[in-house]
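Engineer: The chain contents come next:
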Amino acid sequence: MNDLLQFLSFEDPNTRYVVTGTVLLAISSAIVGSFTFLKKKALVGDAVAHAVLPGVCLAFMLAGNKNPVYLVVGAFITGWLSLVIIDQIVARSRIKEDTAIGLILSTFFGLGIMLLTKIQHSGNAAQSGLDSFLFGKAAALVGTDVIVFSTISIILLVVVFIFFKELTLIAFDEDFAKSIGFPVRRLELVLTTLTVMAVVIGIQAVGVVLMAAMLITPAAAARFWTDQLKVMLLLAAIFGAFAGVFGAYVSYTAPAMPTGPWIVMIISIIAMFSFFFAPRKGILYKMVKQRRIQKKIRDENILKMFYQLGEVDGDFFSSRTSDILAERRELASGQLSSGLSRLKRHGYLKSEHGSWQLTIEGKNKGQRTIKLHRLWELYLTQYLHIAPDHVHDDAETIEHIITPELEAKLEKLLEYPDVDPHMSKIPYES
Amino acid sequence: MNELYIIAAGSMVAISCGLLGCYLILRKMAMVGDAISHAVLPGIVIAFLIAGNRDSVTMLLGAGLIGVFTTFLIEFLHRKGKLQSDASIGVTFTWLFALGVILISVYAGQVDLDQECVLYGEIAYVPLDLWILEDGTNLGPRTLYVLSFVLVGVVTFILLGYKELFLTTFDPAYAAAIGISATLWHYLLMGAVSFTTVAAFESVGAILVVALLIAPPATAYLLTDDLKVMLLITVGLGVVISILGYYLAASIDASIAGAMSTVAGLLFALAFLFSPSHGIIFKKQIAEPTPDALSS
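Chains A and B are the protein sequences, given in the same order.
Mind the numbering: the first sequence is residues 0 to 429 in numbering that gives the first Met the number 0, read in order.
Mind the numbering: the second sequence is residues 0 to 295 in numbering that gives the first Met the number 0, read in order.
The shape of chain A in the complex, shown without the other chains:
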């Protein structure tokens, strides 16, 4: 606990640098990443992240020292070049985009590793620490790094702010942007440049391999909470920043721990939580909703079955044993018995000595389902001219979905018909 307080007090200048640095990196990559995510080009960032390595090494070989400005320029050039080559390969050959991305990513990285190992074997003392580009060196950020990063991050955020409307448009509807005369090619160039900038500063914190996570994961997580772009950007930035601070904290308390992977671990946990538990879009929410609908459909089908049996012998309220119901084989026996007891709980059925009978509410509900089924069959044959023997399956689904408003419309449109296409009576509430 003391550690945490001491960490949050920012007394140690080193902590200040590390936290400021990682938060800036995380925020800028989360925001740029949101746009590439929405353009469905999330993995492009991965390619750039790997492709900056040869640039860094070449810049070092030419300059002979680790001046961050040279390294950033070198990284920028090869990162940018990789995107141009991917575009060219996709446009001018039959290689698909994902293959082109994987190809450029791995071969540029291989070139980078070759150059890096050559530098390491050359015995140049200045090279030590160059390999921090591989896994990041968030814990070792110093004052000058923070100044370089802040400058780039601020430029990046300002550009996003200025071009916000344009970037939004090309992210969602490129063809429309083109048709109303937007310079789409040039705007894509802006987005590409922003991506490369975000990667170039981001790899210093988390390294080349995990950089993709800084771009993709916050955006993917944020997308599960909102449909609003501005809210999404804000959430992505907050998620990224939180992971950045936490990562810095881990490296503060346990210096042997790698900061970059921890930042990615935290942001991934946030993302996994969002994927499963976010309201409305989360996997769990959808599963629960689906189960509820399935139960509703099953219940309505059981009541329908009771009503149909009643139609046959003219008595809707006589008792039926579960064996008779099971004979119709419309439901698995487990589903049937659980459905029966659920319907009893809700007051649609009564039971005595293992046999079941409809209540008034149950009869009405079953009757309405049958009515909707038959109305819909009639609608399909009359208005869509579908053969009567082809309409049952469709009606079987829609009968559970039609709202009272739609029901009224159908009745009116079909002029309160008496029978459906199979000459079965359409029951109305008396």
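Take these hints with a grain of salt, some might be off.
Derived, one-sided and incomplete: chain B residues facing chain A with beta-carbon distance under 8 Å [said to hold, decoys possible]: (1) Ala29; (2) Leu82; (3) Ile88; (4) Ala176; (5) Ala258; (6) Pro275; (7) Ile279.
These aren't lab readings, by the way, just hints derived from the structure by calculation.
Every value quoted in this text rests on a predicted model; they were computed, and no experiment measured them.
For every residue, glycine included, the Cβ atom is placed at its ideal position computed from N, Cα and C.
Starting from the known structure of chain A, arrange chain B on it as the hints suggest.
Structural biologist: Just chain B now, kept in the frame of chain A:
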């Protein structure tokens, strides 16, 4: 002799990866291969902790399982969570890779793996790890046995499943109609990719495996329209990449795996420019009609 060992190991890795890579790129799953090669890392570390050494069988099993799990997770998030597939790949593999690196740091004392080895392997050390029997007989480098086992496995898999793989790749609807399960062959292929990646991991590392999975098949894809020819060209390229990569690395004193990837990239560039059927230079000539054709 050492040169030969290293080139043989490189060739076997390149051929095994390339053969499977042909199917990956034809199924538009190149990046899934990339994801698997990163995501097996935690599997390798955990297998290491359980077995206590580089026992290849545990390692293959552990990482193979994680590889299939990765594919499953990517598809689960894509289908059930409606997360777009590129993001689903990106989120999954970075998460598992981060987990792997963290595990390496936590168990630094117990796991004989370092972060650099993870990235670009130690193919230069192949000749050092010899398999010596109790009576002192030297059977040569241990890695070569593992790699030849994997190579034989991959070749057998492709020979036995040639028809099934072919149909599920090019015409999944027809395959389903004649009773071939696309899902089964999908997971078999992913399992094979996982095992191969793990076996190749020690030699060339997590990322350069990707170069060998994608670059040779992509090059071959620009040279032919016939799958069998494509597979054969990939095999040839694997050997060429290994030989040229080794001598390039030796001449400038750098990582062999890095040099192999660089050579793989250069060979692709050559095919991209000069392929008789699909290279951009010859394609241009076909596309632009000659003046004679216009006047007549």
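Engineer: Each hint should be assessed against the structure and marked as holding or not.
Structural biologist: To see whether the hints hold, each was checked on the structure:
1. The interface hint given for Ala29 of chain B is met, as the beta carbon of that residue sits about 4 Å from the closest beta carbon of chain A, less than 8 Å.
2. With 8 Å as the threshold, the beta carbon of Leu82 of chain B comes within range of chain A, its nearest partner Cβ sitting at about 6 Å, so the hint holds.
3. With its C-beta approaching chain A no nearer than about 7 Å, Ile88 of chain B sits inside the 8 Å limit, and its interface hint holds.
4. Given the 8 Å rule on beta carbons, the hint for Ala176 of chain B is violated: about 22 Å separates it from the nearest Cβ of chain A.
5. Hint on Ala258 of chain B holds. Least Cβ distance to chain A is approximately 5 Å, under the 8 Å limit.
6. Hint on Pro275 of chain B is violated. Least Cβ distance to chain A is approximately 13 Å, over the 8 Å limit.
7. For the restraint placing Ile279 of chain B at the interface with chain A, the shortest Cβ-Cβ distance is roughly 5 Å, inside the 8 Å limit, so the hint holds.
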